[in-house]
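Below are the chains, spelled out letter by letter.
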Amino acid sequence: MKSLCNLLRKIGALSLVSFCLATVPATTQAEYADIVINRQAEKNGMRPVVFPHWFHRIRFRCKVCHAELGFKMRAGSNTITMTDIIEGKFCGACHNNDIAWSPENCDLCHSGKPGLPTGVFGGHETSGPGRW
Amino acid sequence: MPVSTFRAEFLETFSGLARGVASPGLALFLLLSLLLVRSSWAGEWLPLANDGIHDPRSRAVKILQQPREALQGLTPDHAGNQVRWVQVLDKGEIRPREKLFPQTVVQKLDLDVILDAKGGMPAVRFPHRPHTEWLDCVNCHDGLFAKSAGQSKISMFKILQGEQCGVCHGAVAFPLTECARCHSIPRPGTSKPVIPSGIDPRIHQAVGQGQK
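Protein chains in written order, with the numbering used here: chain Z, 206 to 337; chain E, 146 to 357.
Isolated chain E (complex conformation) (with noise of 0.2 Å):
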């Protein structure tokens, strides 16, 4: 091709293109694509006067820090706050403090505790290290759980309901669709869920096979 041709039909095709947007038609379809194009690429973190609960009217909505300014640069992940925090606490991503008075003794453990699941899912590894690095032991013990392994009787239907591990795991911390980050430990010669009689095997299936 020849290159006045080509620059010819490369003109003609921009001036097409510049009368398209000077018609409201095309102009209002181009902006209106972009804002879809936008707001799907910012589907992660939503402007606090987008997120439904902010007051879009308060002046807070200009001042506060946005999600996305906070927590792009972190490790991600792709439930909760799309953050991975005990990974971002661990390699030093962020620094939050430990106390605020003095005389608070922080207080860690590294145990692991190993809880043998009912029902044929992978026993659940508890380990103490990533929880006591954000929390303190009475925030769990002798509330929640006994301090003695094996005293507190852990059901997930309790913990589906808000209760034991559920007052943080579905709320603030990483959420109960997470099944393996728990159930880890796998049981060995079992490959299927072996589902105990008593208990209605629809909420074993998958979302959307299950009761309406």
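This is chain Z alone, in the form it adopts within the complex (with noise of 0.2 Å):
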């Protein structure tokens, strides 16, 4: 009787778990305007990297990297490398140990889930452009 009533509570445990993890919702949200560029990385061996909008919005205005630094305003559609980084363009224009981390720290800006495509992420309502 009492190997049964524990048969039972495993039973009942195991279907706890498999219904949570159902209802569970997957976590694939990211946060709204979260940028995935791997246009490069992944050729070259690194992770690809994730630019979140939101942190830098809070410090920079969108015209400081869309007008003063060059970067068009569409996914994908710069080509960025790390050498122009290392010279002082695009990121590295405040990745250079003074305003930001310098490029060193391969791995906080190559930090994206690997095979991610280039593109914008995450979404509140909608998923970016050309998608709603």
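Some clues are possibly wrong.
[Said to hold, decoys possible] Just so you have them, the derived chain E footprint on chain Z, three or more residues with Cβ under 8 Å:
hint, stretch
1, 238–245
2, 258–266
3, 271–279
4, 319–326
Think of the hints as simulated: they come from the structure by calculation, not from any bench.
These numbers come from a predicted model, not from an experiment.
For glycine and all other residues, C-beta sits at the position ideal for the given N, C-alpha and C.
Make the complex out of the two chains shown on their own, each in a separate frame, by following the hints.
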């Protein structure tokens, strides 16, 4: 009788676990306007770059990167190379160990899941241009 | 109820609860329900390790600032980052830099443009002021839009495809589900949107009723 009780309890616990796993939404919700940059990264053996707009716009207005630094406002349309960054262009205008951390901290930017394509991720209601 | 009985009942309940916690099944249940409550409560801003784009094995997810920490104190919104970015800037809750280079000239313009929408939607008020707080003139002119009012044919179809306003709205600025934030000037005498001929009326229906 006792073993039957234990068995029932185990079955109950297992079904509970599977129920919870099924109902908890898959956690693929990137923050709105997160950008994955992966034109060069994985080809060169690095993780894709995740660029969080939310973090940067607290500190800089859009115009700093999209006018002064020349980032085109279309994910995937900029050819960003590490050579340029080290020379102080693009991300390197701030990521120079002065305003922000230096490019030597590779894995702080190259922190994306392997295999992600370049593009706008995240989204509270829409998922970026062309999808609604 | 005498105090002693109450105490006895309380103790009994408490010890029963303690015994329950000791049983692995119930402990697991409590743990999972706690996790469930936590995940729904923390649903607004996910930790970087669970956001689906960061590699949870990267050390970055332990070092980088978490969205919740940065965004929770700011004027809230129900869309996008759940932050009302224009208000946050106007109220001085954040003070983002306007330029990096000393020679850069910061340009701002306080001029509203009224765009009369076709199809019976309320007309659009485009305010230059909040846009030029964030952006420079060159971000829109003359690539996305001509400088003189009325010279650009703006269409919702293009916007929904990520062109024109849709370069930002739907991607980084408030999403395209917030119709009334742009279509903010009501038309006198009209209560229902008038759908022009040649347009599939299903696109004006609520989500779920239109085409699959």
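Evaluated hints:
Closer than 8 Å: that is the beta-carbon criterion, and the stretch 238–245 of chain Z has 3 residues meeting it against chain E, so the requirement of 3 holds. Coverage of the stretch 258–266 of chain Z by chain E holds [criterion: at least 3 residues with CB-CB distance below 8 Å; count 8]. With a cut-off of 8 Å between beta carbons, the stretch 271–279 of chain Z has 6 residues touching chain E; three or more are needed, and the interface restraint holds. With a cut-off of 8 Å between beta carbons, the stretch 319–326 of chain Z has 4 residues touching chain E; three or more are needed, and the interface restraint holds.
Checked against the numbered hints above, the structure violates none of them.
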